[in-house]
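*Asks:* Chain by chain, the residues run as shown.
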Amino acid sequence: MTAAKAAQLSAIEESGWGSPFRFVQPHNAAFWVYLVGVGGGALAVLRDFGPSAEFYAPALTGGLLLFGLYLIPWLLLLRHHNRFTSQPAGLLATGFVWGGIAAPFWIALPANGALLEIWAKVGGTSFAADWAAGLTAPVNEEFGKALGLVLLIGLAPRLVRSSYDGFVIGAFTGLGFQVFEDVLYVYNGAAQAYGANQFGTTAQVFLIRGAAGIVSHALFSAIFCAGLMWALGRTPAERSVPRGVLTMLTAMVFHFTWDDLSGLSGGGVLAAVLPFLIAVVELVVLFAVLRRAARQERAWTRDLLGPEVDAGFVDPVLLDAVSGLRKENKAYRKHVHGRRKARHLVEAAHDLAHEIARAGGVDTPRIEHARSEVRRLRGTT
Amino acid sequence: MREEPRGWVPVEHRWFGLDRRTFTPALITLVAALVLVYGLPALNAAIPWHNEIRAGDVLDLGDGATAVPPVGWQLEAGTLTGGAGANPTSLQVLLATGGATIELRGAAFDGTARAFLEQVLRSEGDRAPAVSGAFDTLTTDAGLVGVVRSTTGPGGDGVDAAFKMATVAPDTAPALVVRVQASPGQFERHRDEVTALLRGIAPETGR
Chain S
1 MTAAKAAQLS AIEESGWGSP FRFVQPHNAA FWVYLVGVGG GALAVLRDFG PSAEFYAPAL
61 TGGLLLFGLY LIPWLLLLRH HNRFTSQPAG LLATGFVWGG IAAPFWIALP ANGALLEIWA
121 KVGGTSFAAD WAAGLTAPVN EEFGKALGLV LLIGLAPRLV RSSYDGFVIG AFTGLGFQVF
181 EDVLYVYNGA AQAYGANQFG TTAQVFLIRG AAGIVSHALF SAIFCAGLMW ALGRTPAERS
241 VPRGVLTMLT AMVFHFTWDD LSGLSGGGVL AAVLPFLIAV VELVVLFAVL RRAARQERAW
301 TRDLLGPEVD AGFVDPVLLD AVSGLRKENK AYRKHVHGRR KARHLVEAAH DLAHEIARAG
361 GVDTPRIEHA RSEVRRLRGT T
Chain Y
1 MREEPRGWVP VEHRWFGLDR RTFTPALITL VAALVLVYGL PALNAAIPWH NEIRAGDVLD
61 LGDGATAVPP VGWQLEAGTL TGGAGANPTS LQVLLATGGA TIELRGAAFD GTARAFLEQV
121 LRSEGDRAPA VSGAFDTLTT DAGLVGVVRS TTGPGGDGVD AAFKMATVAP DTAPALVVRV
181 QASPGQFERH RDEVTALLRG IAPETGR
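Going down the list, the sequences are from chains S and Y.
The numbers in my numbering rise by one with no breaks, and the one at position 218 of the first sequence is 218.
The numbers in my numbering rise by one with no breaks, and the one at position 140 of the second sequence is 140.
Don't read these hints as lab results, they were simulated from the structure.
All values derive from a computational prediction rather than experimental measurement.
A few of these clues could be false.
To be verified - Cβ-Cβ distance ranges computed for the label pairs, FRET-style: (1) Glu13(S) to Val11(Y): 34 to 44 Å; (2) Gln92(Y) to Gly267(S): 42 to 52 Å; (3) Arg199(Y) to Leu249(S): 31 to 41 Å.
Stated by the list, open to error - Simulated coverage check for chain S against chain Y, where a stretch passes if three residues somewhere in it have a Cβ under 8 Å from a Cβ of chain Y: (4) 32–40; (5) 82–90; (6) 238–250; (7) 367–377.
Stated by the list, open to error - Take a look, some chain Y residues computed to stay more than 12 Å from chain S by CB distance: (8) Arg6; (9) Gly72; (10) Val120; (11) Leu121; (12) Phe135; (13) Ala175; (14) Gly185; (15) Asp192.
Where is the CB? At the ideal position from N, CA and C, for every residue including glycine.
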């Protein structure tokens with residue numbers, strides 16, 4: 001066995017890529033806990049909002065419609081980042097539903113209510129008005145969402161291995177939380193006005209929450225869950241408890257600053273500038289975490305396709321692109337003189353890597369077909 | 001070694017039909033969730049309120065509007081003047097004492113105080129199992145004209161009052177609803193305190 005082939009088999013084993021995801025697993029305790037969480041969340045929705053749903057139907061319908069549309073560009077963006085040893089859609093949907101139903105309604109709603117009141121009791125209502133939200137939500141909500149990742153580790157232990165897996169699953173879980181919480185805010189906005197001018201309050205909440213959502217739960221959870229995976233070290237080479245804990249704390253601090261902007265800024269000019277400053281810092285940290293988390297996955301992709309490069313099916317520059325980030329992809333676009341062709345070739349090479357992983361490194365007709373696709377797109381036979 | 005078929009659990013790992021190897025993530029999640037869902041509310045219930053209204057305290061109703069809360073009641077939500085500041089259209093104040101609560105909530109509403117109170121009642125549908133009195137006019141010491149009505153039912157007695165927080169162009173001003181709820185037989189004990197609070201509601205100076 002060549003060194004490249006050994007590295008390929010090792011990457012398949014370590015990444016778990018290509019393993020199927022099955023949601024219904026009656027023998028798996030994580031499956032039942034997941035059902036308890038999502039079931040508890042669904043019951044809380046019916047109990048708390050069901051009786052008033054008819055009166056607030058214009059707001060709820062508007063909120064669901066607007067935030068449903070808002071979800072589309074988010075899903076396209078996150079789909080783009082679900083790359084390298086990409087996760088199956090079913091697994092990501094499972095995380096999204098946990099983030100949308102269980103985390104906010106089963107966990108955060110009662111936990112936040114209690115902790116907010118504890119801060120008011122301990123520090124007084126004025127202290128609570130300034131700081132309680134930021135001292136509450138980052139704890140309850142970040143852990144509430146991350147529990148979805150822990151359950152997915154139980155449901156798909158072979159698939160959820162790297163910090164990048166944590167990053168992508170965290171983003172989907174956070175997105176679920178964000179969108180369902182937005183609809184909750186629409187309801188609260190309408191209830192605050194006792195149902196008067198429901199379309200107006202809905203549009204107002206949509207504009208505010210939609211803009212703030214760019215650096216909100218999806219971002220916090222992506223960072224937090226990448227940190228959790230570093231701390232857990234499910235890929236031995238990635239294990240780093242200090243880095244993991246620091247990353248998780250960073251996500252919680254971002255969440256704190258977002259929730260306590262008024263307390264931090266103290267009003268005035270700073271209140272207008274601070275959200276943008278914080279957003280810039282958050283985006284810089286987000287991409288730094290993404291790049292660091294992607295290292296392992298990029299190495300696996302290179303190892304998976306290494307024998308294909310040796311055999312001449314994949315160019316070294318194409319390998320750089322399919323295992324690379326923006327810079328490598330840009331270089332590849334220049335190399336093949338075309339954005340479209342480059343995108344197709346990178347996707348075809350990704351398909352080939354996926355088929356190799358699915359087949360466990362042995363040749364199959366599907367792998368042969370994936371190779372022929374790369375050849376066809378390169379314009380060689 | 002041969003890989004086990006999908007869903008097959010080796011006998012030494014079985015426990016009442018479950019795969020014991022899956023217990024760690026499941027139990028970590030379950031325990032952490034239960035701590036958050038039930039542990040925090042239990043801790044909250046164990047901590048008493050120590051936020052008693054003292055003589056001279058004034059409630060901040062936002063934009064300079066104020067009310068004088070009854071001394072000795074616990075301020076469980078909302079802020080006093082000189083604190084963090086309140087928003088009149090998202091105001092939430094809760095005062096509580098043995099057997100009674102006073103809730104003040106602000107909202108943006110175009111229309112009269114009566115129309116606002118009717119909107120509040122409409123939003124609650126027929127959920128309140130109580131008999132309501134007729135609307136009456138209440139004028140505060142600062143000249144705010146509001147509406148008030150009393151309620152009584154098996155759960156206790158209460159008062160609902162609504163104001164528009166301006167004496168000039170009140171229709172476009174923020175609205176305030178005050179809900180007083182007392183356990184059966186407790187309202188009379190607090191009647192003077194409630195009346196004093198309602199009469200002491202004042203808009204921003206100059207409005």
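*Asks:* Hint by hint, note whether the structure agrees.
*Replies:* Structure-based check of each hint:
no. : hint                               : in the structure
1   : Glu13(S) to Val11(Y): 34 to 44 Å   : 26 Å, violated
2   : Gln92(Y) to Gly267(S): 42 to 52 Å  : 20 Å, violated
3   : Arg199(Y) to Leu249(S): 31 to 41 Å : 51 Å, violated
4   : 32–40                              : holds (count 5)
5   : 82–90                              : violated (count 0)
6   : 238–250                            : violated (count 0)
7   : 367–377                            : violated (count 0)
8   : Arg6                               : 7 Å, violated
9   : Gly72                              : 16 Å, holds
10  : Val120                             : 5 Å, violated
11  : Leu121                             : 9 Å, violated
12  : Phe135                             : 16 Å, holds
13  : Ala175                             : 9 Å, violated
14  : Gly185                             : 28 Å, holds
15  : Asp192                             : 25 Å, holds
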